[in-house]
Amino acid sequence: MKFFDLLQTAFLNLWRRKLRAILTVLGLVVGITSIVVMISLGLGIEKATLDFYESMGSLTIIDVQAGSYSEDGKYVEKKIDDQSIAAFEGVPGVQAVLPMLNLYGLVTSGKYFTNLQILGVDAGTAETFGFTLAEGAMPTYSRGARSYEIVFSPWVLQSFYNPKTWQVAVDREGNSLITKNSRFRLTFDWMNVYGNQSMETPEGYTPGKFYRLELVGVLSEENYNYSWYSLMAKDAVLRLMKENKDFVYAQEGYQSAQIKCVTMDEVASVRQAVMELGYTTYSALDMVEQAQEQTRMLRAVLGAIGAVALLVAAIGIMNTMMMSIYERTREIGIIKVLGCRMGNIVTMFLMEALLIGFFGGLFGLGLSYGASALINLWMARGGGMGMGMGLPFQSVIPLYLAAGGVLFSMVVALISGLYPALRAMRLSALAAIRNE
Amino acid sequence: MEEKEVLLDVRNLSKTYRVGSVDIHALRGVTLQIQKGESVCIIGRSGSGKSTLLNLLAGLERVSGGEIVIAGKRLDRMSEGELIRFRQRHVGFVFQSFNLMPYYTALENVAFPLAFRGMARRERNRDAKHILQEVGLETHLRHKPAQMSGGQQQRVGIARALVTNPELVFADEPTGNLDFATGDEVMRTICDICKAAGRTLIMVTHDAHIASFADRVITLLDGRVVEDSSNPLEEK
Chain W
1 MKFFDLLQTA
11 FLNLWRRKLR
21 AILTVLGLVV
31 GITSIVVMIS
41 LGLGIEKATL
51 DFYESMGSLT
61 IIDVQAGSYS
71 EDGKYVEKKI
81 DDQSIAAFEG
91 VPGVQAVLPM
101 LNLYGLVTSG
111 KYFTNLQILG
121 VDAGTAETFG
131 FTLAEGAMPT
141 YSRGARSYEI
151 VFSPWVLQSF
161 YNPKTWQVAV
171 DREGNSLITK
181 NSRFRLTFDW
191 MNVYGNQSME
201 TPEGYTPGKF
211 YRLELVGVLS
221 EENYNYSWYS
231 LMAKDAVLRL
241 MKENKDFVYA
251 QEGYQSAQIK
261 CVTMDEVASV
271 RQAVMELGYT
281 TYSALDMVEQ
291 AQEQTRMLRA
301 VLGAIGAVAL
311 LVAAIGIMNT
321 MMMSIYERTR
331 EIGIIKVLGC
341 RMGNIVTMFL
351 MEALLIGFFG
361 GLFGLGLSYG
371 ASALINLWMA
381 RGGGMGMGMG
391 LPFQSVIPLY
401 LAAGGVLFSM
411 VVALISGLYP
421 ALRAMRLSAL
431 AAIRNE
Chain Y
1 MEEKEVLLDV
11 RNLSKTYRVG
21 SVDIHALRGV
31 TLQIQKGESV
41 CIIGRSGSGK
51 STLLNLLAGL
61 ERVSGGEIVI
71 AGKRLDRMSE
81 GELIRFRQRH
91 VGFVFQSFNL
101 MPYYTALENV
111 AFPLAFRGMA
121 RRERNRDAKH
131 ILQEVGLETH
141 LRHKPAQMSG
151 GQQQRVGIAR
161 ALVTNPELVF
171 ADEPTGNLDF
181 ATGDEVMRTI
191 CDICKAAGRT
201 LIMVTHDAHI
211 ASFADRVITL
221 LDGRVVEDSS
231 NPLEEK
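Chains W and Y, in that order, give the protein sequences. So the first sequence is numbered by the numbering used here: it starts at 1 and just counts up by one. So the second sequence is numbered by the numbering used here: it starts at 1 and just counts up by one.
Hints may contain errors.
Calculated pairs, DSS-like style, for lysine-lysine (alpha carbon to alpha carbon, straight line, at most 27 Å) [claimed, not checked]:
| # | chain 1 | residue 1 | chain 2 | residue 2 |
| --- | --- | --- | --- | --- |
| 1 | W | Lys-18 | Y | Lys-144 |
| 2 | W | Lys-180 | W | Lys-111 |
| 3 | Y | Lys-129 | Y | Lys-144 |
| 4 | Y | Lys-36 | Y | Lys-195 |
| 5 | W | Lys-242 | W | Lys-79 |
| 6 | W | Lys-2 | Y | Lys-129 |
| 7 | W | Lys-209 | W | Lys-242 |
| 8 | Y | Lys-36 | W | Lys-2 |
| 9 | W | Lys-209 | W | Lys-79 |
Which stretches of chain Y does chain W cover? Using the computed rule of at least three CB atoms under 8 Å from a CB of chain W, they are [what the hints assert, rightly or not]:
| # | region |
| --- | --- |
| 10 | 15 to 24 |
| 11 | 56 to 69 |
| 12 | 215 to 227 |
Simulated restraints, written as ranges between beta carbons of each label pair [claimed, not checked]:
| # | chain 1 | residue 1 | chain 2 | residue 2 | range |
| --- | --- | --- | --- | --- | --- |
| 13 | Y | Val-6 | W | Ile-22 | 47 to 57 Å |
| 14 | W | Ile-22 | Y | Pro-102 | 16 to 26 Å |
| 15 | W | Ile-415 | Y | Asp-228 | 47 to 57 Å |
| 16 | Y | Gly-118 | W | Met-323 | 26 to 36 Å |
| 17 | Y | Glu-80 | W | Leu-377 | 21 to 31 Å |
Because the hints were derived from the structure by calculation, they are not lab data. Virtual Cβ for every residue (Gly too), placed ideally from N, Cα, C.
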C-alpha cells in the first residue's frame, strides 16, 4: 500500500471512534505535559544554580595558590613566579593568567585616610578577567611621571576616616566628603598617618615617601570576585614595592594567580595540569557541582512523577489499541481475504499508534508551554520563595526538549502499539467468513 | 471450443478439526480438477464440508492432508504472507454477508483492494467506477452500504471481488442473505461477468436453484464428493 493510503486509513480508523481516540490522546497529553514540565523545572533549577554562581564569579576562572599538600598532609612548597606564570599560560585551554600582585597601602586625602589593597594588572589582562569600570579608564604607568594612575575599588571613596578621631569622612546628610576630585596621596609608612606611637624613633629610620595619585577610574560593583581591589599598572606596583622595601612585605613571586580558561569545559583539564605542576587550585565549579548534586535528587523525583504519568498513558494506548483490534477482528479478516499484506496491517496499526503519539505529543507540548508560562508568572510574583527552593528559577523549554517531547511521545506510542499491531497481523482471515 | 486448461487441481484433500479430544473429519479425501473459465457450484447439506473446501481452496485455512495446485503453484505449501500475495494477484472473494466497509462509499469499497496493490487513487477510482458500471451501480457510486438494498450491496461485493481482474473468483453462499428474486438477479450478474471475461467461478451453496446457474455441480456429503456432473439438475 502507498504510504499516504496507509496514513489516511489509519487516521480514518481513529476518527471513526472519535471520543475514544481523543480520550487516549488526552491521556498521553497529560503524560507528556507532566514529563516535559518536570524536565523544564529541572533545567530551570540547574540554570538558576549556574547563573547564581556565574554571578558570584566567572566559572571559567581557576584560583591557583602557591604550594600544595601531599597525600599525607605535608605542605610542599612551590612558589608562583614569572616562570610558573609562563608555564600556566602554556597549558592548552588557558586564555589568560593573572598573577595576584598585591600591595597594601594607605591613602590620605587632607586629614582623612583609608586602607587600600592594590592589585597590579596589565590593562588587557584586567579586561579578560572581567574587571569592569563604572567610569574612567584602566591605569597606565609611564616612567618618570609625577603621579601614579589608580582605579579605586567601588567602596574606597566612602571609607575615608580621620585617624585621630575615627570620624568617617561624611557630612551631615551622609554624603562622602571625599570625591573623585579630591587630592589623594599614597604612602606605605604607617607613621606617616598615625605618627610615632612608641615615641621612639627606630635607628636609621627614614620616613616613607608620599606619592601623588591620579584617580583615573572607579571599578564597577559587579566585580564580585575583585571588588575589594584597587588597580594600578603592574610596573607601577613593582616600582613602589622596590622603593618601599622597609615598609611593605615583599615576598618572592606571587601569593596566588588566577587562570582564565577559554570555556567551562577546559576547567577540569587545566586544573589537572596546574596541580601536576605542584600548586593548589580552586574553582567556582566545585560549588556548582556540589549544588547540582543537591538538585539531582529533586530532579530525579520530578522526572519519576512525569514517567509514572507517561506509563499510565502508554497503558491507555495499549488498551485502546487492543479494544480496537477486538472490535475489528472481522474487518481485519476481510482485508486479509481482499489481499492486504501482513506488513501493511502491522504498519496500519502502528500508524494509528503513531498518530495518537504525534497528537498527544503536540497537544502535550502546547499544554506544557502554557503550564510553563503559568509557573513562570507565579515565580515572578514570588510564589517560589515560599517553597523553600532558595533560588528564583524559571521553567524553560528549550527547542530540543520540545522536539524531544513529541518524538518521545511517538516512540512511547509506537512501543505501546507494537504488541496490538502484531496481534492484528496474526488474526485469522477466517473471521471474515463467519456469518453472524 | 477452446482448449481446456486445468487451473485448479485438488488431490486427496482432507481436513480434520480437533474439538476437545474428538477429531472431526470435515473433508475425507477430495479429488477434483477445475478447468480455466469453468463455473462450478459446490453443493451440499450443512456439515457436508463444502464451506471447508472453499476455505481451503482460497487459502484461508491450512490443509490436513493432500495437495492443492492452483495455476501450477502448491497452495498447501505457502506461508500466510505468500497466501495473501497469491490472493492479491489471483483471487476475488464474494461473501455471504457482503462484508463491505460501512464507512466507505460503494466506490471506495470497490477501490479498496486496489489500494493494497499500491495503485494510485486516480487509477483506483477509474477501475472501480468501470466495474461498478458493469454490475449496474453507476448511479450509486457515492452511497454508503447502509443506504443500499441487500442486492445492491452484494453487487458492490461482486464488483470488489472482480476489480482486481482475478483468474479465480470464490463466492460463499452469495445469495444466502438475499430474497429469491434478488438472488437470481445477483447470480445472473456474477455468472455473466465471469463468463464474459473467462474467469473461473467457484461457488458454495446449499440451494439447488442457485446451483442451476453453474456449468458444473459438485455434490459433497460427509466430506466426500458423491456426484460431479455437468449440471444434471438442469437436465431434469
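Right, here's what the structure says about each hint:
1. W:Lys-18 <-> Y:Lys-144: The hint holds at about 20 Å.
2. W:Lys-180 <-> W:Lys-111: holds, 16 Å
3. Y:Lys-129 <-> Y:Lys-144: holds, 15 Å
4. Y:Lys-36 <-> Y:Lys-195: holds, 11 Å
5. W:Lys-242 <-> W:Lys-79: holds, 20 Å
6. W:Lys-2 <-> Y:Lys-129: Satisfied, since the Cα-Cα distance of roughly 20 Å is no more than 27 Å.
7. W:Lys-209 <-> W:Lys-242: Holds: Lys-209 (chain W) and Lys-242 (chain W) sit about 12 Å apart, inside 27 Å.
8. Y:Lys-36 <-> W:Lys-2: violated, 32 Å
9. W:Lys-209 <-> W:Lys-79: Distance ~30 Å between Lys-209 (chain W) and Lys-79 (chain W) Cα, so the pair is violated.
10. 15 to 24: Coverage by chain W is violated here, the residue count being 0 at a Cβ distance below 8 Å.
11. 56 to 69: holds (count 3)
12. 215 to 227: violated (count 0)
13. Y:Val-6 <-> W:Ile-22: 47 to 57 Å: holds, 56 Å
14. W:Ile-22 <-> Y:Pro-102: 16 to 26 Å: The hint (16 to 26 Å, Cβ to Cβ) holds, given that Ile-22 (chain W) and Pro-102 (chain Y) are roughly 21 Å apart.
15. W:Ile-415 <-> Y:Asp-228: 47 to 57 Å: holds, 55 Å
16. Y:Gly-118 <-> W:Met-323: 26 to 36 Å: holds, 30 Å
17. Y:Glu-80 <-> W:Leu-377: 21 to 31 Å: Distance hint for Glu-80 (chain Y), Leu-377 (chain W) is violated at roughly 58 Å.
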